[in-house]
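J.: Just so we're aligned, residue -5 is where the sequence shown starts under the numbering used here, counting upward by one.
Mixed in with the good hints there might be a few duds.
Cut-off 27 Å, straight-line C-alpha distance, at most; resulting in silico cross-link-like pairs (DSSO-like, lysine-lysine) [as the list claims (entries may be wrong)]:
#, residue 1, residue 2
1, Lys82, Lys110
2, Lys179, Lys148
3, Lys179, Lys82
4, Lys214, Lys152
5, Lys179, Lys110
6, Lys214, Lys148
7, Lys179, Lys152
Computed Cβ-Cβ distance ranges for the label pairs, DEER-style [stated by the list, open to error]:
#, residue 1, residue 2, range
8, Glu103, Ala145, 33 to 39 Å
9, Asp101, Phe161, 42 to 48 Å
10, Lys152, Glu12, 52 to 58 Å
11, Asp101, Arg235, 25 to 31 Å
12, Lys152, Glu103, 40 to 46 Å
13, Pro139, Phe216, 17 to 23 Å
14, Asp208, Leu143, 22 to 28 Å
Derived by calculation from the structure, the hints in this document are not laboratory data.
What you are looking at is a predicted structure, and each value in this text was computed from that prediction instead of being measured.
All C-beta atoms in this analysis are idealised placements derived from N, C-alpha and C, irrespective of residue type, glycine included.
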Amino acid sequence: MRSTASIERCARSAELDEETGLAYYGARYYDNKISMWLSVDPLAMEGKNMSLTPYHFTSNNPVMRIDPDGLNDYFSEDGVFLGSDDSKDDGIRILSTEAWNTLSQEDEEGNEYIDKASGLSASLLASESDLSTDAILSIYQHYNPTDLLLADSKNITKGGFEFIPSFNGNDPYLRVHVETNSTLKLIDHSSEIISGLIHEKQHYSDYVEMGAVDYFRLPKNFREVRAYNSQTTHESWNNTRSEFQRNVLTNAVPFGFHLPIILPRKGVVFPEVELN
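Use the sequences and the hints to build the structure in full.
T.: Right under this line is the structure:
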């Protein structure tokens, strides 16, 4: 691959690198076979942007704001992860193990995947499948960024996830609002699952770092603003549906949270996103 010293920035054109077979955008490489960038955007790490993560700045993409890296994920009826397809979607679909074994292929590195057309025709969205609670929790566990166990809340009025601290000697855990998440189709979108879990991860991290006593001494508004900030600046946020974002922001405003205004650098085009 080329040295960074010889890289020229280019926002919207690419050339085929004959040595690797990858699309070269002047800043980094893109693999068309798996629809994924292979490195972090160098512009996000330059000069005055050192205080920002790549996802704050350009959502890790010099061409568009959203990286096309959300693949459809496939799980068995028992909630066991099977693999992904070659699409640009972030769907969660249920496919029998037998169908996966028949339809899946191997890429050059030996990783199994399924092409989008075959996968969609042979599968159902998670919310449309008759899954057991254990299978649903297994799907959520696949995306769980913490070491906490998951448990069904059995609450039909709330959605999302909830960090439950240690109480009466019990270990902390993450409560999952299984039924409502299925009704809201949250379980059909990996980006939204990850986004919700990132929120709770921030609560858990603060709880562990500060200790229970100091954590609960903090005003709830402060705790929630930290969690919403982590959620909305994580890479998953830009791949969530507009209705999901509206719900999150509606819940966040009473705590005093507002999305930060981040001005794009010259040459970076941000698409308009309607949140209300």
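J.: Take the hints in turn and mark each one as holding or not.
T.: Structure-based check of all given hints:
Proximity of Lys82 to Lys110 is assessed by CA-CA distance (about 9 Å); at most 27 Å being required, the pair is judged to hold. Proximity of Lys179 to Lys148 is assessed by CA-CA distance (about 17 Å); at most 27 Å being required, the pair is judged to hold. The suggested pairing of Lys179 with Lys82 holds, with an alpha-carbon distance near 18 Å, which does not exceed 27 Å. Under the criterion of a C-alpha separation no larger than 27 Å, the hint pairing Lys214 with Lys152 is consistent with the structure, at around 19 Å.
Distance hint between Lys179 and Lys110 is fulfilled; the C-alpha atoms sit about 20 Å from each other, no more than 27 Å. For the proposed pair Lys214 and Lys148, the alpha carbon gap of about 24 Å is at most 27 Å, so the pair holds. The straight-line distance between the Cα atoms of Lys179 and Lys152 is roughly 13 Å, inside the 27 Å bound, and the hint therefore holds. The supplied range of 33 to 39 Å is met by Glu103 and Ala145, whose beta-carbon atoms lie about 36 Å from each other.
Against the hinted window of 42 to 48 Å, the Cβ-Cβ separation of Asp101 and Phe161 comes to about 46 Å, which satisfies the hint. Judged by the Cβ atoms, the range 52 to 58 Å given for Lys152 and Glu12 holds: they are separated by roughly 54 Å. The given range of 25 to 31 Å is respected by Asp101 and Arg235, whose C-beta atoms sit roughly 29 Å from each other. Between Lys152 and Glu103 the beta carbon distance is about 42 Å. The supplied range of 40 to 46 Å therefore holds.
One distance hint, 17 to 23 Å for the beta-carbon pair Pro139 and Phe216, holds here, with the actual separation near 22 Å. Taking 22 to 28 Å as the suggested C-beta distance range, the pair Asp208 and Leu143 conforms, at roughly 24 Å.
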